[in-house]
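In terms of the numbering used here, the sequence shown opens at residue 92 and continues consecutively.
What the hints contain is simulated information worked out from the structure, not anything from laboratory work.
Since we're looking at a predicted model, the values are computed, not measured.
Yeah, the Cβ is synthetic: ideal placement off N, Cα and C, and Gly gets one too.
Do not rely on the hints blindly, as some may be mistaken.
What follows is a set of in silico ranges between Cβ atoms, one per label pair, in the way DEER data are often shown [stated by the list, open to error]:
1. VAL171 x ASP94: 25 to 33 Å
2. HIS125 x SER212: 28 to 36 Å
3. SER162 x HIS199: 33 to 41 Å
4. GLU233 x THR197: 26 to 34 Å
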Amino acid sequence: MFDLDVVNAFSKGTVVILKSYFNSNVGKGSIKIHRNANHVGGVIVFIGINGDLSGRLMFNMSKATAFKLASALNMESITVIDDMFISTIKEFVNMVAGSAINELSTKHIDLDMTPPAILMSDQLSMLERENDQILSICYKTELGEIFMNLIIFNQTPS
């Protein structure tokens, strides 16, 4: 079960960061809850979440969308996978997670995050334990679709 405050904080963080850097509309596409993230592809960035709850935040997008995102954040064209590309994509996830963690702290939910990791694959399956669920939200932007996946393993009662 997903805590609505937690979901809203991460969703709001995603929308705020996208809108603040791209000054464009961000629409929500599909919202799904499932056990496994099958056939995730392109660029995948994830961080661990620890504290009053534990889990993972994962973003995935096509390589084309990732290049557009990195270019827009740097205000210059990025067309190759290099240190600048990797750092920028990781920083996007840091900004979203930082925004969400800051908002949740005002609700007395204390969280920390691990440094982001980045993977690239044409097809990757993410498997979770039987009782774990993945909340997946698709954000539609002028850069392309960006998927946020939130996995919460446990929560400490308030």
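Consistency of the hints with the structure:
Checked against the hint of 25 to 33 Å, the pair VAL171 and ASP94 fails, with Cβ atoms roughly 40 Å apart. In this structure the hint that HIS125 and SER212 lie 28 to 36 Å apart at CB is violated, the actual value being about 19 Å. Checked against the hint of 33 to 41 Å, the pair SER162 and HIS199 passes, with Cβ atoms roughly 39 Å apart. Separation of GLU233 from THR197 is about 31 Å and conforms to the stated range, judged on CB atoms against 26 to 34 Å.
Hints 1 and 2 from the list above are not met by this structure, while the remaining hints are.
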